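Novice: Listed below, chain by chain, are the residues.
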Amino acid sequence: MGLANRVSSPVEIFTTLHYDNNHYLNTLYLHFVGLRGNSLWYRVLSLVTGIGTVAVAGLIARRRNTASAFMAMLLVGFSYVVVLYSSEARGYASVVFFSFLSFHFLDCYWENRNWRAALCYSLSTILGLLSYLPFAGFLLAAMAWSGYRLIKLHVRPKEMVVSFLACHTAGIAFLGGLYLVDVRYMVRAGGESPPWPSVCASAFAWALGAPLGQRPMILTCLGAVAVLAAGLRILWRERADWLVFYVGVILLFPFLLTALLGGKTIYVRYFILPIAFFLILFSFVLADLYALKGGK
Amino acid sequence: MICGILLLAYLAANGQHMATLFELGRGQYSAAIRFLAEESDGHIVTIGSDGHDLDMFLTLAFYRSAAMEGKQCIY
Chain A
0 MGLANRVSSP VEIFTTLHYD NNHYLNTLYL HFVGLRGNSL WYRVLSLVTG
50 IGTVAVAGLI ARRRNTASAF MAMLLVGFSY VVVLYSSEAR GYASVVFFSF
100 LSFHFLDCYW ENRNWRAALC YSLSTILGLL SYLPFAGFLL AAMAWSGYRL
150 IKLHVRPKEM VVSFLACHTA GIAFLGGLYL VDVRYMVRAG GESPPWPSVC
200 ASAFAWALGA PLGQRPMILT CLGAVAVLAA GLRILWRERA DWLVFYVGVI
250 LLFPFLLTAL LGGKTIYVRY FILPIAFFLI LFSFVLADLY ALKGGK
Chain B
0 MICGILLLAY LAANGQHMAT LFELGRGQYS AAIRFLAEES DGHIVTIGSD
50 GHDLDMFLTL AFYRSAAMEG KQCIY
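Each protein sequence line maps, in turn, to chains A and B. Here numbering that gives the first Met the number 0 is used: the first residue of the first sequence is 0, the next is one more, and so on. Here numbering that gives the first Met the number 0 is used: the first residue of the second sequence is 0, the next is one more, and so on.
Keep in mind that a hint or two might mislead.
[Claimed, not checked] Going by beta-carbon spacing under 10 Å, a handful of chain B positions derived as facing chain A: (1) 15; (2) 39; (3) 61.
[What the hints assert, rightly or not] One side of the interface only, derived from the structure: several residues of chain B facing chain A at Cβ under 7 Å: (4) 1; (5) 2; (6) 9; (7) 10; (8) 12; (9) 13; (10) 16; (11) 17.
[What the hints assert, rightly or not] Here are a few chain B residues that sit away from chain A, every Cβ distance over 10 Å (derived from the structure): (12) 11; (13) 20; (14) 22; (15) 23; (16) 33; (17) 34; (18) 35; (19) 40; (20) 41; (21) 46; (22) 47; (23) 70; (24) 71; (25) 72; (26) 73.
Keep in mind the hints are simulated off the structure, nothing from the lab. Keep in mind the model is a prediction, meaning the values are calculated, not measured. Glycine included, each C-beta is placed from N, C-alpha and C at the ideal position.
Make a model of the complete structure from these sequences and hints.
Specialist: The following block contains the structure:
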């Protein structure tokens, strides 16, 4: 709210603030809502997108099977990280919502390559970038996924380029525009954070709820690594194209982000997207374990 | 069986944090700043932080009028 109060027009949110805690979509929302006595108003966007995230998690896992959809909704709905950030007047809840939605639209697009899905995907990626800039990690993973799909489809090079650009032009152009007007001037909030390996391990542990105490935290982190390996193995068996995306968004993205920031001042919240997609992967593991029992 | 155990462990681990969140609420910035104002003698409250200067500045700017009880705040 402090940031939203410092600007006199919505355009200034992009051209004058230049601050990494300025999550555009949320600042725009706060700018239009204005000062109100009740702080609940400031959190409506996060609350609504947080609730929507549970539904969209079901939608994307439903593309695998019903058990995965049920598990995904349960895991995302009861995730402390998701609940916490859905109560915060920042862009974390909306970035998860729009990343799940973008994944859904892109998956729809690769089914029959229709323009409506490409358009919805493009709009969703723009809203994702407006929510929180590390959404760029999602874009990179989605582009790798698209490239892999196109190679597997064995289409002509021209068709390849057209299909790729149909999905990703808007996102890339918008990110470029944000870089030109804001990102290159951006100041980071600073502060001191633990060493990056510790932050990455904490992010893994928090994905599963991170019980209190150091030993349970380490065990949870190891458990998360095992879940990740099991989830990726399932995708390897079933849908190699999804595997490309999940490896990109959960593993490569944190590595790139950490490298980009030089391993300094990194917080668990930077990994909200890897955590969210990890939960979807976990739902696949649980659904398969349930099916093993003969439930289906 | 394994699915149920994993699910229960997940719900328990996340549930303990959520219970705390629902019991105590979020950051309690107003209460923290009011406490600083109450515990500071005189009319000036001096506040420092571990490097989050802009974050602290914005937070204090937003809460101080409501929570400082008329005292002046120096960051």
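Novice: Does the closest beta carbon of chain A sit nearer than 7 Å to the beta carbon of residue 9 of chain B?
Specialist: holds, 6 Å
Novice: Minimum Cβ separation between residue 73 of chain B and chain A greater than 10 Å?
Specialist: holds, 18 Å
Novice: Just double-check residue 11 of chain B for me: nearest Cβ-Cβ distance to chain A has to come out over 10 Å.
Specialist: Residue 11 of chain B is in fact no farther than 10 Å from some Cβ atom of chain A, at 8 Å.
Novice: With 10 Å as the cut and Cβ atoms as the points, is residue 15 of chain B at the interface with chain A?
Specialist: Cβ of residue 15 of chain B sits 7 Å from chain A, so the hint holds.
Novice: Does residue 47 of chain B sit more than 10 Å from chain A, CB to CB?
Specialist: Its Cβ never comes within 10 Å of chain A, the nearest being 13 Å, so this holds.
Novice: Would you check whether the claim that residue 33 of chain B is not at the interface survives, using Cβ distances to chain A and the 10 Å cut-off?
Specialist: holds, 15 Å
Novice: Hint check: is the beta carbon of residue 61 of chain B less than 10 Å from a beta carbon of chain A?
Specialist: At about 5 Å, which falls below the 10 Å cut-off, the nearest Cβ of chain A leaves the hint on residue 61 of chain B intact, so it holds.
Novice: Please check whether the beta-carbon of residue 71 of chain B is more than 10 Å away from every beta-carbon in chain A.
Specialist: Nearest chain A Cβ is 19 Å from residue 71 of chain B, so the label holds.
Novice: So, as I understand it, the hint says residue 12 of chain B touches chain A; can you test that by seeing if any CB pair is closer than 7 Å?
Specialist: holds, 3 Å
Novice: Please confirm whether residue 40 of chain B is truly not at the interface, meaning its C-beta sits more than 10 Å away from all C-beta atoms of chain A.
Specialist: holds, 28 Å
Novice: Would the least Cβ to Cβ distance between residue 20 of chain B and chain A come out above 10 Å?
Specialist: violated, 6 Å
Novice: Taking the closest pair, is the beta carbon of residue 35 of chain B still more than 10 Å from chain A?
Specialist: Fine: 18 Å to the nearest Cβ keeps residue 35 of chain B off the interface.
Hint violations for this structure: numbers 2, 12, 13, all remaining hints satisfied.
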